[in-house]
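Residue-level listing of the chains:
Number of protein chains: 2
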Amino acid sequence: MTSTSTSPTPARGPADHDVRAQIVAAATEHFSRYGYEKTTVSDLAKAIGFSKAYIYKFFESKQAIGELICANCLREIEAEVSAAIAEAAQPPDKLRRLFKVSTEASLRLFFQDRKLFEIATSAATERWQAVIDYEARTQQLLRDVLQEGRQSGDFERKTPLDETVMSIHLVMRPYLNPLLLQHSMDSTEQAPALLASLVLRSLSP
Amino acid sequence: MTSTSTSPTPARGPADHDVRAQIVAAATEHFSRYGYEKTTVSDLAKAIGFSKAYIYKFFESKQAIGELICANCLREIEAEVSAAIAEAAQPPDKLRRLFKVSTEASLRLFFQDRKLFEIATSAATERWQAVIDYEARTQQLLRDVLQEGRQSGDFERKTPLDETVMSIHLVMRPYLNPLLLQHSMDSTEQAPALLASLVLRSLSP
Numbered sequence: 001m002t003s004t005s006t007s008p009t010p011a012r013g014p015a016d017h018d019v020r021a022q023i024v025a026a027a028t029e030h031f032s033r034y035g036y037e038k039t040t041v042s043d044l045a046k047a048i049g050f051s052k053a054y055i056y057k058f059f060e061s062k063q064a065i066g067e068l069i070c071a072n073c074l075r076e077i078e079a080e081v082s083a084a085i086a087e088a089a090q091p092p093d094k095l096r097r098l099f100k101v102s103t104e105a106s107l108r109l110f111f112q113d114r115k116l117f118e119i120a121t122s123a124a125t126e127r128w129q130a131v132i133d134y135e136a137r138t139q140q141l142l143r144d145v146l147q148e149g150r151q152s153g154d155f156e157r158k159t160p161l162d163e164t165v166m167s168i169h170l171v172m173r174p175y176l177n178p179l180l181l182q183h184s185m186d187s188t189e190q191a192p193a194l195l196a197s198l199v200l201r202s203l204s205p
Numbered sequence: 001m002t003s004t005s006t007s008p009t010p011a012r013g014p015a016d017h018d019v020r021a022q023i024v025a026a027a028t029e030h031f032s033r034y035g036y037e038k039t040t041v042s043d044l045a046k047a048i049g050f051s052k053a054y055i056y057k058f059f060e061s062k063q064a065i066g067e068l069i070c071a072n073c074l075r076e077i078e079a080e081v082s083a084a085i086a087e088a089a090q091p092p093d094k095l096r097r098l099f100k101v102s103t104e105a106s107l108r109l110f111f112q113d114r115k116l117f118e119i120a121t122s123a124a125t126e127r128w129q130a131v132i133d134y135e136a137r138t139q140q141l142l143r144d145v146l147q148e149g150r151q152s153g154d155f156e157r158k159t160p161l162d163e164t165v166m167s168i169h170l171v172m173r174p175y176l177n178p179l180l181l182q183h184s185m186d187s188t189e190q191a192p193a194l195l196a197s198l199v200l201r202s203l204s205p
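Residue numbers (the numbering used here), protein chains in the order written: chain A, 1 to 205; chain B, 1 to 205.
Isolated chain A, as found in the complex:
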């Protein structure tokens, strides 16, 4: 394995991406024990046995490490949702799965993995780039399903597509955003199916 890094300091020892992965793994472990907010880059450096300066060669801040952990988590949710949608043949069924699987995946990744919850809430509160990108991709996924349904004749075409995307995304928000999801626990069993049905009625041609 050779380093192709353009890092300001020539890599000595392992390739840069290995060091980054090592830092992220140690940070995830450390955040899960002591919390994301409370941990400093100094704490991380001490725990890994690196100098603080060395960590700063790979990540410009603690948030940059948090962003990578957060982005990985959001990618995992997306992968699950995309796979579930791909399995369905018809646009209405794709939409039902979008509601169901994105709620289930968000619940599991944000809450059952408690170590991610604090990062996820910081990310959502401060609107990190990873979150903005995730929301844009989720809206794109929704738009693709809607367009497919408009072409197949399953969905109405009178309402501007932008409006349909925006309003359905608002309906899904309490089950996608960890800040709202933490207060929506009573309804995560029933809501995705109920809301998908309501949305499908709103889309009938």
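Source of the hints: derived by calculation from the structure; they are not laboratory data. By construction, the Cβ of each residue, glycine as well, lies at the ideal position given by its N, Cα and C atoms.
DEER-style ranges, computed between Cβ atoms:
1) Ser32/A to Ala21/B: 45 to 53 Å
2) Pro160/A to Glu37/B: 41 to 49 Å
3) Glu87/A to Glu37/B: 41 to 49 Å
Once you've looked at the hints, dock chain B against the given chain A.
Frame of chain A, contents of chain B only:
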């Protein structure tokens, strides 16, 4: 003014409901300065110049005082929403106003009046009786509008009414519940109209 109280101790001086109102007014003032969570019944007693025991003759706990403040606030939201609905002639317009005015009234009463916010979040988190009753009445208001629209032929009748009420209430939740509303500030301008339109499309016969 005479007291008709059945309080265990005979009222001496002002009528009971005057004393209750005096306690609630002082408590509201005190909560707004020092916060609901931090204030104790002893603090309130000191501030009003009553004994703690005297306050306990009128309210069994701090929460009982908070519940009354909260119930008054929720009644105010309801009164505004009901008045706005009564002004509209047609069920679709009633539904639009239900979304718009309940969001506006919730925003104003929970947030602009910061003193109520902490009580509102405690009430919503702990699901005080005032909140449960408010949700039931909000659902009843929604049900009345839906039933009127079904009778007038404005709304479809195939979906069970209970399901329609439940799913529309879920759509409105982020704008009614202060725990969700505090994280929905970016969308309070656009969302009520967008969501009302989506819901109206879902109700078309």
